[in-house]
Amino acid sequence: MPLDAHASDDVILRVSNIESYYGPIMAIRGVSLAVPRGKIITVLGANGAGKTTILKTISGVLDPQKGTVEFEGKPIQRMEPDRVGRRGLDHLPTGRVGFPALAG
Numbered sequence: 000m001p002l003d004a005h006a007s008d009d010v011i012l013r014v015s016n017i018e019s020y021y022g023p024i025m026a027i028r029g030v031s032l033a034v035p036r037g038k039i040i041t042v043l044g045a046n047g048a049g050k051t052t053i054l055k056t057i058s059g060v061l062d063p064q065k066g067t068v069e070f071e072g073k074p075i076q077r078m079e080p081d082r083v084g085r086r087g088l089d090h091l092p093t094g095r096v097g098f099p100a101l102a103g
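In numbering that gives the first Met the number 0, the protein residues as written are 0 to 103.
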């Protein structure tokens with residue numbers, strides 16, 4: 000969703016021009032999106048396109064070298080992942096079951 004698509008709506012997550020690396024290798028560049036409160040979005044792309052890197056950067060598992068990540072109007076980039084999780088935003092990798100009783 001374009002960054003300014005819901006400029007007047009209640010945006011819960013705003014990502015602006017993030018850039019992340021794995022060592023010297025640039026993994027993502029110029030990623031921006033806005034998620035309105037109460038909406039669900041998907042991140043689609045081919046293998047190796049950067050979907051997981053985007054989500055890891057948003058959730059604090061990876062630090063962006065550039066750009067900003069705001070959750071509920073507050074910057075969260077470079078915040079420890081556990082602190083980001085306590086604010087209500089978390090990352091559960093594919094194939095992991097965090098709550099086995101709910102997976103059944």
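Hints are supplied without guarantee of correctness; some may be wrong.
[Said to hold, decoys possible] Calculated pairs, DSS-like style, for lysine-lysine (alpha carbon to alpha carbon, straight line, at most 30 Å):
#: 1; residue 1: K55; residue 2: K65
#: 2; residue 1: K38; residue 2: K73
#: 3; residue 1: K73; residue 2: K50
#: 4; residue 1: K73; residue 2: K55
#: 5; residue 1: K50; residue 2: K65
[Unchecked claim] Using C-beta positions, here's what the derived DEER-type ranges look like:
#: 6; residue 1: P92; residue 2: S31; range: 21 to 31 Å
#: 7; residue 1: V42; residue 2: G84; range: 29 to 39 Å
#: 8; residue 1: E18; residue 2: R86; range: 16 to 26 Å
#: 9; residue 1: G87; residue 2: N16; range: 17 to 27 Å
#: 10; residue 1: Q64; residue 2: A100; range: 18 to 28 Å
Hint data in this document are derived by calculation from the structure and do not stem from the laboratory.
Glycine residues also receive a C-beta, built at the ideal position from the N, C-alpha and C atoms.
Taking the Cβ atom of Q64 and the Cβ atom of A100, is their distance within the range 18 to 28 Å? Because 39 Å falls outside the window, the suggested range is violated.
Holds or violated: K73 to K55, with C-alpha atoms at most 30 Å apart: With a Cα-Cα distance of about 18 Å, the restraint between K73 and K55 holds, given a limit of 30 Å.
Verdict for G87, N16 (Cβ pair) under range 17 to 27 Å: holds, 23 Å
K73 and K50 were given as a pair; does the straight-line alpha-carbon distance stay at or below 30 Å? At roughly 23 Å apart (the allowed maximum being 30 Å), K50 and K73 satisfy the hint.
Honestly, do V42 and G84 meet the 29 to 39 Å range at C-beta? With Cβ atoms ~19 Å apart, the hint is violated.
Please check whether P92 and S31 have a Cβ separation lying inside 21 to 31 Å. holds, 24 Å
Consistency of beta-carbon spacing, R86 to E18, with hint 16 to 26 Å: Because 23 Å falls inside the window, the suggested range holds.
Just to be careful, I want the Cα atoms of K50 and K65 compared with a cutoff of 30 Å; is the pair within it? Holds: K50 and K65 sit about 17 Å apart, inside 30 Å.
Is it true that the CA of K55 sits at most 30 Å from the CA of K65? holds, 14 Å
Please work out if K38 and K73 have their alpha carbons no farther apart than 30 Å. Distance of about 19 Å is within 30 Å: holds.
Hints 7 and 10 from the list above are not met by this structure, while the remaining hints are.
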